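Q: Chain residues, written in single-letter form:
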Amino acid sequence: MTTPRFWREIEQRYRGIGVQCEICDRVYFPPREICPHCRRESFGKMNERELSGKGKVLTYTEVHDPHPDFKLLTPYIMAIIEMEEDVRVTGQLVGVDYKDVETGMEVKATMRRLGEESPEGIIYYGYKFAPVKDKHE
Amino acid sequence: MRDVAIIGIGETQIGELWDKSLRELGIEAGLKAIRDAGVSGEEVDMLYVGNMSAGKLINQEHVAPMIADYAGLDDIPAVRIESGGASGGMALAEGYISVASGFDDIVVVGGAEKMTDVNDEEAKKILSSTADQEWETVCGATFDSLHAMMARYHMNKYGTTKDQFAEVIVKNHSNASNNPNAQYPRAIPKNFVMNAPMVSDPLGMFDCAPLSDGGAAVVLCPAEYVDNYNGDPVKILGVGHGADHIALHDRREIGGMKATRIAAEKAFKNSNISSKDIDFAEVHDNYSISEIVAIEDLGFFKKGEGGPATEEGRTALNSEISINTSGGLKAKGQPVGAVGINQAIEAAIQLRGDAGDRQVEDARYGLTHNVGGTGASAVVHILERWSE
Ligand SMILES: [Zn+2]
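Which chain is which? The protein sequence lines are A and B, in order.
So the first sequence is residues 1 to 137, counted in the numbering used here.
So the second sequence is residues 1 to 388, counted in the numbering used here.
For the record, the hints were derived by calculation from the structure and aren't laboratory data.
It is possible that some hints are incorrect.
[Stated by the list, open to error] Mimicking DSBU-like on lysine-lysine, the simulated pairs with C-alpha atoms at most 35 Å apart in a straight line are:
{"id": "1", "chain 1": "A", "residue 1": "Lys108", "chain 2": "B", "residue 2": "Lys162"}
{"id": "2", "chain 1": "A", "residue 1": "Lys99", "chain 2": "B", "residue 2": "Lys258"}
{"id": "3", "chain 1": "A", "residue 1": "Lys56", "chain 2": "A", "residue 2": "Lys99"}
{"id": "4", "chain 1": "A", "residue 1": "Lys108", "chain 2": "A", "residue 2": "Lys45"}
{"id": "5", "chain 1": "A", "residue 1": "Lys56", "chain 2": "B", "residue 2": "Lys162"}
{"id": "6", "chain 1": "B", "residue 1": "Lys157", "chain 2": "A", "residue 2": "Lys56"}
{"id": "7", "chain 1": "A", "residue 1": "Lys54", "chain 2": "B", "residue 2": "Lys235"}
{"id": "8", "chain 1": "A", "residue 1": "Lys71", "chain 2": "B", "residue 2": "Lys235"}
{"id": "9", "chain 1": "A", "residue 1": "Lys99", "chain 2": "B", "residue 2": "Lys303"}
{"id": "10", "chain 1": "B", "residue 1": "Lys235", "chain 2": "B", "residue 2": "Lys269"}
{"id": "11", "chain 1": "A", "residue 1": "Lys108", "chain 2": "B", "residue 2": "Lys269"}
{"id": "12", "chain 1": "B", "residue 1": "Lys157", "chain 2": "B", "residue 2": "Lys125"}
{"id": "13", "chain 1": "B", "residue 1": "Lys235", "chain 2": "B", "residue 2": "Lys302"}
{"id": "14", "chain 1": "A", "residue 1": "Lys133", "chain 2": "B", "residue 2": "Lys162"}
{"id": "15", "chain 1": "B", "residue 1": "Lys303", "chain 2": "A", "residue 2": "Lys108"}
{"id": "16", "chain 1": "B", "residue 1": "Lys125", "chain 2": "A", "residue 2": "Lys108"}
{"id": "17", "chain 1": "B", "residue 1": "Lys125", "chain 2": "B", "residue 2": "Lys302"}
{"id": "18", "chain 1": "A", "residue 1": "Lys54", "chain 2": "B", "residue 2": "Lys269"}
[What the hints assert, rightly or not] With beta-carbon atoms standing in for the labels, derived distance ranges:
{"id": "19", "chain 1": "B", "residue 1": "Asp362", "chain 2": "A", "residue 2": "Val132", "range": "57 to 63 Å"}
{"id": "20", "chain 1": "B", "residue 1": "Arg364", "chain 2": "A", "residue 2": "Trp7", "range": "44 to 50 Å"}
{"id": "21", "chain 1": "A", "residue 1": "Tyr98", "chain 2": "B", "residue 2": "Met194", "range": "17 to 23 Å"}
Just so we're clear, the structure is a prediction, and the values are computed from it rather than from any experiment.
Think of the CB as a built atom: it goes at the ideal place given N, C-alpha and C, for glycine as much as any other residue.
Bound conformation, chain B alone:
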């Protein structure tokens, strides 16, 4: 296996982008990444695109060749990777494997989702279809309500509180206030979060990440070739995949995600470092509860301590471990299939030292964590600052 570097990054603004189509989002991100890397189109061996549900959201399947085509890369093989909310992270893992194995040299990995061409109700229904359609949603379960049941379980078992959920949201919005690409780049007061209309008890409107439009892309190359390109490199140190049952009720553990734990264990093993070495992490905070569960399952805090740790400020920027410096899915936004790539981009920005007011001091190791469905799939990447 060869070492792999990210040498180029590019992302669009995230939000409700009425005037932009999926192909435009993909192209904008891809071109920015290719320009940032200083590679030419002909050098690209392969394109992977993370996308959850273009078929339902914009009535277009086979989106990877479409994006490649309109990016002027019509002779580059392009494949879409789908794993629900983990589509982007899974695409990045495929790109990593292609380059690490020696099969490809220059690989572009993109992610794009256009959520707002359908109304909010329809978009939520489509997102819910990443749970078990026949045995969860048919009975009335929504994606929100499945996470609400995780939240209720976590509260009952570990004493986690609604206040602690709110602290996750306040922190992530505060981080996003320093991120120009974020959908909600502004801090919000805790009472806003606490008093928001209920979505699915105990989760209110502010506990849920938005459904957004956005595109993101990175360029990968073998670490040994980074000097051939202009891009400021960061290293992908390790990758791990995890899996579990599709339906929440079939998992032995409702207050944790086995898929996350397995993915993290593998990624740490492949990287030869441990959770204690990590300086910052982008975790899959599609709901406030999800971040609390994630920081426990990734090994940053013991099971049941995620809530108190958040409340004590131990996950704030430049505290014990900086969690979701970008603002996370909650405040940077949730363009579903792009999320895993957006996370890798934040990690690269931090490791390059380009994060401005949200910079993690002396950042050496970053982790990204991307989840599909309510936890049936998860992927973890560990990235390291470049050193000669």
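Isolated chain A (complex conformation):
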């Protein structure tokens, strides 16, 4: 992905900021300007909403044939996380062995280096997910 595209949404990526529709209360991440449920009625009524970062593993895989930008991490774990706010996010799972990953496992977002350096020498940071060890954390 090109550098300007990444930086344009850096705030949302770093702080996990989504939006909530004023009409139906649904939460979206990444932010959308229009709620797919309320459609045009929702335009201008999508308010910033910071996600808790907590969620559960919905599905997962271990990647052996990587995206070229992630070669050095191979094999790495990808998952779709169902967040507390009833919104789903795709991200890597870290701090856990693949054999120990389970559907329904509780995880929390953490800020990490995303891949290798881009051709322009830029290092991307963003969210990854790690297991919640202590549920009272």
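Put chain B with the ligand on the given structure of chain A with help from the hints.
A: Just chain B with the ligand, lined up with the frame of chain A:
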């Protein structure tokens, strides 16, 4: 709306065709189709070309006029249609609408992709860009891994097994062994599939369709004019489009494709038949899991029964419903933008009764199913044997 017939078909060999360029693939397929139909170049009103990513793959945009030009049809309007892996099927739908509406009479619909001018890693990255680049691939997701997550979800929710995935692959390779245009025209044993190197767990190397070069084309005309041409006609009975969110994580259902279900519902409604009437189908098996999901969402089997049905042989040639008689994307090959046209060609070959050792007995209704991205777009065509 007028009834529409396919009166000519043509496709290239599919594979790693080092000596052929995109324009050559397009021209070869187009000329074969025009010759098969018995139309002359001047009679063609319009050309649609399905192509996913010539800009990235061969550094050439605006490929439809280029192909028309080098086919000697430089005065024929030519438009490229892009919808990821569904580009070919979407182009066919555009052609159908042009003819059905009465706007055009003779329309050529082609599809072509040249995947192997870039290395395999680059080709996979380009294919992955049909998913959400900013919120899926940037985090490390590949096209393979998104399908692997669908597979894992399907296994967890419905008890589908790796064995059942392997059965899809064994069947499609067996079908391809009777298809001379297939990239891999040979049967493979199940243990090959099961023991292949892992790509993205649970999907191994043999669970994934190859990235191929190839071109395919069909000629359409109003059903009322078929007698004016030599081509052996088949009828396009109905078409349906479906859509969903671009990112897999935004879809409520990970183990099914809403886009497929909607496209199928519309196509069946437009055709006045149901899934039970279908004799054979070419479905979008870019991964083993994709075929299992497809045969459920198209209504051939209940949700969760696609795996067991495959294992029981109910999708084999001349069983309950013959699925991917051509070998599918897995074994016939995956020249991405051409796939939807390759599927229509297989349907036409079957309905003409020309499929030789892979012929579906007494085939009357065939269905083709083409998917873009991980399921953000889908298109279904229903074809019928010609009857006077
Ligand atoms: Zn809303």
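Q: Flag every earlier hint the structure violates by its number, smallest first.
A: Those not satisfied are hints 7, 8, 11, 18, 20.
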